[in-house]
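Chains as they are written, first to last, in the working numbering: chain P, 39 to 394; chain D, 39 to 394.
Hints are not guaranteed to be accurate.
What the hints assert, rightly or not - Facing chain D, a subset of chain P residues (Cβ under 8 Å, in silico):
hint, residue
1, ALA58
2, TYR217
3, LYS220
4, ARG250
5, GLU256
6, MET342
7, ASP363
8, GLY369
9, ALA373
What the hints contain is simulated information worked out from the structure, not anything from laboratory work. We put the beta carbon where it would ideally sit given N, CA and C, even for glycine.
Number of protein chains: 2
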Amino acid sequence: MPETVLIVGGGPAGLEAARAVADLGGRVVLVERREVLGGTPDEANYAALTPHLGSAQEALDRLRAGVGRPEVEVLLGSTVTACRGSVGDFTVTVSGPDGAGREVGAGAVVVATGFTHFDPGRETQMYGYYEFPDVITLPDAEKMLKEHRFVRPSTGEPPRSVAFIQCVGSRDRRIGNEYCSKVCCGVASKEAIEIRRLLPDCKVYIFYIDMRMYGYWENQIYWPAQEQYNVNYIRGIVTEIVGKGDRLLMKGEDTTMGRPLEVLMDVIVLSVGMEPSRGTREIAGILGLEQNRYGFIAAPGEPMDPISTSVPGIYVAGAAAGPRDLEDTMGTAGAAAARALGVIRSARPAAATAGA
Amino acid sequence: MPETVLIVGGGPAGLEAARAVADLGGRVVLVERREVLGGTPDEANYAALTPHLGSAQEALDRLRAGVGRPEVEVLLGSTVTACRGSVGDFTVTVSGPDGAGREVGAGAVVVATGFTHFDPGRETQMYGYYEFPDVITLPDAEKMLKEHRFVRPSTGEPPRSVAFIQCVGSRDRRIGNEYCSKVCCGVASKEAIEIRRLLPDCKVYIFYIDMRMYGYWENQIYWPAQEQYNVNYIRGIVTEIVGKGDRLLMKGEDTTMGRPLEVLMDVIVLSVGMEPSRGTREIAGILGLEQNRYGFIAAPGEPMDPISTSVPGIYVAGAAAGPRDLEDTMGTAGAAAARALGVIRSARPAAATAGA
Chain P
39 MPETVLIVGG
49 GPAGLEAARA
59 VADLGGRVVL
69 VERREVLGGT
79 PDEANYAALT
89 PHLGSAQEAL
99 DRLRAGVGRP
109 EVEVLLGSTV
119 TACRGSVGDF
129 TVTVSGPDGA
139 GREVGAGAVV
149 VATGFTHFDP
159 GRETQMYGYY
169 EFPDVITLPD
179 AEKMLKEHRF
189 VRPSTGEPPR
199 SVAFIQCVGS
209 RDRRIGNEYC
219 SKVCCGVASK
229 EAIEIRRLLP
239 DCKVYIFYID
249 MRMYGYWENQ
259 IYWPAQEQYN
269 VNYIRGIVTE
279 IVGKGDRLLM
289 KGEDTTMGRP
299 LEVLMDVIVL
309 SVGMEPSRGT
319 REIAGILGLE
329 QNRYGFIAAP
339 GEPMDPISTS
349 VPGIYVAGAA
359 AGPRDLEDTM
369 GTAGAAAARA
379 LGVIRSARPA
389 AATAGA
Chain D
39 MPETVLIVGG
49 GPAGLEAARA
59 VADLGGRVVL
69 VERREVLGGT
79 PDEANYAALT
89 PHLGSAQEAL
99 DRLRAGVGRP
109 EVEVLLGSTV
119 TACRGSVGDF
129 TVTVSGPDGA
139 GREVGAGAVV
149 VATGFTHFDP
159 GRETQMYGYY
169 EFPDVITLPD
179 AEKMLKEHRF
189 VRPSTGEPPR
199 SVAFIQCVGS
209 RDRRIGNEYC
219 SKVCCGVASK
229 EAIEIRRLLP
239 DCKVYIFYID
249 MRMYGYWENQ
259 IYWPAQEQYN
269 VNYIRGIVTE
279 IVGKGDRLLM
289 KGEDTTMGRP
299 LEVLMDVIVL
309 SVGMEPSRGT
319 REIAGILGLE
329 QNRYGFIAAP
339 GEPMDPISTS
349 VPGIYVAGAA
359 AGPRDLEDTM
369 GTAGAAAARA
379 LGVIRSARPA
389 AATAGA
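Sequences and hints are given; from them, build the entire structure.
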């Protein structure tokens, strides 16, 4: 039996897991819904990565190069539509771009279907994302920064003032996303630095509940943003955005000062959090994987085992299991690869091993 | 050439990496300074793990069972004292309990030497850890909780009031530890829940700068602590602890109310952060690994590559690279195992492979 691991999703987690399996002498079938590899960092036009502002393009190129080898078969424009069997002997149906189904034999499966950015439209107009062109999201800002520009969408001119609003779609019991998405504090601070580099005369504010600069991020992003780039951090709650002339009036409360807040901005960036991607929701149903209350793939053995799903032989890597930064994603990807190949080698009947 | 990975450190990261290498068909030599496996969770008497309060003992037993197999040679009471060679062909000198040195050939090395708890004595008496017996640390509290009790060390009686002070030894520029240790918010909240379970009449307060309940921890620990266990969270800065009668007077500022804070407590728990362990500092010198400004092992390729050190063929897993929670630790351990074995298989000359 070939030591084949089926990997679902061609983003950073899936690409890293594929490379790791191949490095270990295993075979991979990598299934990706889109016509290109790279996942959300590619689809959402990531420019510079948090925290070091390294090039996302170069990072993705390295990941793609890691799977350009005979041991890895990449199926683009393809999705998993059915699965039967059990650990050591799964038969997975993959539907290609022409709609034709193909059966793939695999000893184990790694789910790396990732996240999607929270859609602020769901929050019934509160922040006016679908009403005001100058209210944008972190990925909208990222797309402009990738083109080395940052403008007011309504006019095409550089803004004089930009505000980030943190925790949009995260830590919010009303919409059911009580979790913290982990990366938005870092990503917003990174984009704030980039905007200040591009537009030295533009004031940039970050309105936060608390800044979760865990690990080294405080020194890597927060202090440079404050001290080198003069980004202004204001602890506050923004409750409403209304149009005023051709600008945006942000209303809320400055919770450090304990007083009402009303400031005019040219551009407002909503720091949207992570939700399970469509692929993550769908694959859970197809593979029969337990999900948590938010729709992410459950890892019942966490924290000691963050990669095993509820189905033996099926593992989860990266943000398909919940909000994860790139470090967490790459760690769990390598771990899932090792576990998937390890379980195949353990599950293989002794006779087959002897005969190999 | 046998596919041997030398793993330094027998805590969770080292044990998980060893199991993963063995599952993949590789051979492991695991070097542990102490006479028992388990690392800091064993040495510091961890009782219940964050966030689910699962048994640390059971988790360690599972990890130890994972290395009880012929492919894993465990060298207890041993340390690495020298290393020569390069990726694919290291020769590592291991000194055993009798002081005798032994040379081990290994294709790759995984450093899993972990962290140590910050020693609050260094902060020149500010919190009186070495002055007042009822000022203790997170691991001191953990040790009592493992014995299913929580008392005032000065009297042996149950306290009526307990306060946790967050960020002791973390996020502190004066002592040079600017980083956030990631886990202390969660661990303090977990211990607070355990104290409230043991002592329903004891008031428990957590004095914090901000609560970094990233990912799912807000729902998993923070809300249960608040809603089920009535732990009191107070945003404040504690500047001084003085004795008053047989109790402790905490002085500082309630930063939500913006007013001075003076409260009497029976026990004060310092939520100490992570620093590099002695083993981490020493192994960096012996193996010639770049360290970051705090003494942790540098991973120059992070965030895309959180496990490669500055020396090819040597990888880092777990908290030897900086503050990490158990999920991060187990993820990087599996990833380091995969990378170590993968690099050996890639580095092996084609002739040797053909002849194998």
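| query | How about ASP363/P: closest beta carbon in chain D under 8 Å, or not? | reply | 7 Å, holds
| Closest C-beta approach of TYR217/P to chain D relative to 8 Å, hint status | 5 Å, holds
| query | Against chain D, is MET342/P within 8 Å by beta-carbon distance? | reply | Hint on MET342/P: holds, closest Cβ of chain D at ~5 Å, below 8 Å.
| said: Next item in the hint list is LYS220/P. Is there a CB on chain D closer than 8 Å to its CB? | reply: Status holds, d = 5 Å.
| field | Hint check, GLY369/P versus chain D [nearest Cβ-Cβ separation less than 8 Å] | value | Hint holds; GLY369/P Cβ to chain D Cβ min 3 Å, cut 8 Å.
| said: Would the hint on ALA58/P be counted as holding, given a Cβ-Cβ threshold of 8 Å to chain D? | reply: 5 Å, holds
| task | For the hint on GLU256/P, just tell me whether its beta-carbon gets within less than 8 Å of chain D. | result | OK, holds: GLU256/P within 8 Å of chain D, min 6 Å.
| Hinted contact ARG250/P with chain D - closest CB pair below 8 Å | Holds. Min distance 5 Å.
| Does the CB of ALA373/P sit less than 8 Å away from some CB of chain D? | 3 Å, holds
In the structure shown, no violation is registered for any of the earlier numbered hints.
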